[in-house]
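Protein sequence lines correspond, in order, to chains A and B. Per my numbering, the first sequence starts with residue 314, numbered consecutively. Per my numbering, the second sequence starts with residue 58, numbered consecutively.
Fair warning: there could be bad hints in the mix.
[Claimed, not checked] Cβ pair distances, simulated, as ranges:
no., chain 1, residue 1, chain 2, residue 2, range
1, B, A74, A, G385, 42 to 48 Å
2, B, T62, A, S366, 44 to 50 Å
3, B, Y96, A, S366, 32 to 38 Å
4, A, E327, B, G135, 46 to 52 Å
5, B, E126, A, E398, 16 to 22 Å
In short, the hints are calculated from the structure, not lab data. As the structure is a prediction and not an experimental result, all values here were calculated from the model. The beta-carbon is built from N, C-alpha and C at its ideal position, and this holds for glycine as well.
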Amino acid sequence: GAGVSQSPSNKVTEKGKDVELRCDPISGHTALYWYRQSLGQGLEFLIYFQGNSAPDKSGLPSDRFSAERTGGSVSTLTIQRTQQEDSAVYLCASSPDWAQAFFGQGTRLTVV
Amino acid sequence: GNSVTQMEGPVTLSEEAFLTINCTYTATGYPSLFWYVQYPGEGLQLLLKATKADDKGSNKGFEATYRKETTSFHLEKGSVQVSDSAVYFCALSTGGGNKLTFGTGTQLKVEL
Numbered sequence: 314g315a316g317v318s319q320s321p322s323n324k325v326t327e328k329g330k331d332v333e334l335r336c337d338p339i340s341g342h343t344a345l346y347w348y349r350q351s352l353g354q355g356l357e358f359l360i361y362f363q364g365n366s367a368p369d370k371s372g373l374p375s376d377r378f379s380a381e382r383t384g385g386s387v388s389t390l391t392i393q394r395t396q397q398e399d400s401a402v403y404l405c406a407s408s409p410d411w412a413q414a415f416f417g418q419g420t421r422l423t424v425v
Numbered sequence: 058g059n060s061v062t063q064m065e066g067p068v069t070l071s072e073e074a075f076l077t078i079n080c081t082y083t084a085t086g087y088p089s090l091f092w093y094v095q096y097p098g099e100g101l102q103l104l105l106k107a108t109k110a111d112d113k114g115s116n117k118g119f120e121a122t123y124r125k126e127t128t129s130f131h132l133e134k135g136s137v138q139v140s141d142s143a144v145y146f147c148a149l150s151t152g153g154g155n156k157l158t159f160g161t162g163t164q165l166k167v168e169l
């Protein structure tokens, strides 16, 4: 597709379960970012990939959160043992250069 | 560290009114500045950007000027339309991967 694709668009999970969120960036974009948008915290940076490596993981809120990127393309954000405070919209963005980041529609995660 | 402060909303205007949404920032180094817009039910989209002092970004009738002396990047539009109703986010990026630091967002509602 032409844009950044995220799946699923919505996810409801029980507290304590693990979840995986997927991001397909725009083809050829070397940089990939994960952000979280929540009512109490606004838009927060989580992690940044350049190619398959993650030089900046400073925004990951706890060791329950991890992410990987393979083939310089698809990325997966994994949240283990989900908690209610993990409920948020998780946004992925990709970028070809310093000029701008293109965002996906996000995955709305609800932990019940 | 980096931070962005923008005026709280919601802002309610009549169609054809003048819009100003204030944004100030604190950053190390020389940031690039952005305004992103999130229309109802849609993902974040870049509205405009400026990469150095005194640059003016513009798009769709919106403008913002990078003011280093006042560390500001206020968003303006001379005549708003109902279709401009959205949430507007001011953001900055500095070196080290170009990750974005966002303000809390300002909701704009334009009425007939």
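Between B/E126 and A/E398, does the beta-carbon spacing fit 16 to 22 Å? violated, 40 Å
A/E327 and B/G135, beta-carbon distance inside 46 to 52 Å? Check passed, 51 Å falls within 46 to 52 Å.
Please test the hint of 32 to 38 Å on the beta carbon pair from B/Y96 and A/S366. Since B/Y96 and A/S366 have Cβ atoms about 34 Å apart, the given range 32 to 38 Å holds.
B/T62 and A/S366, beta-carbon distance inside 44 to 50 Å? violated, 33 Å
Is the gap between the beta carbons of B/A74 and A/G385 within 42 to 48 Å? For A/G385 against B/A74, whose Cβ atoms are near 47 Å apart, the range 42 to 48 Å holds.
Hint violations for this structure: numbers 2 and 5, all remaining hints satisfied.
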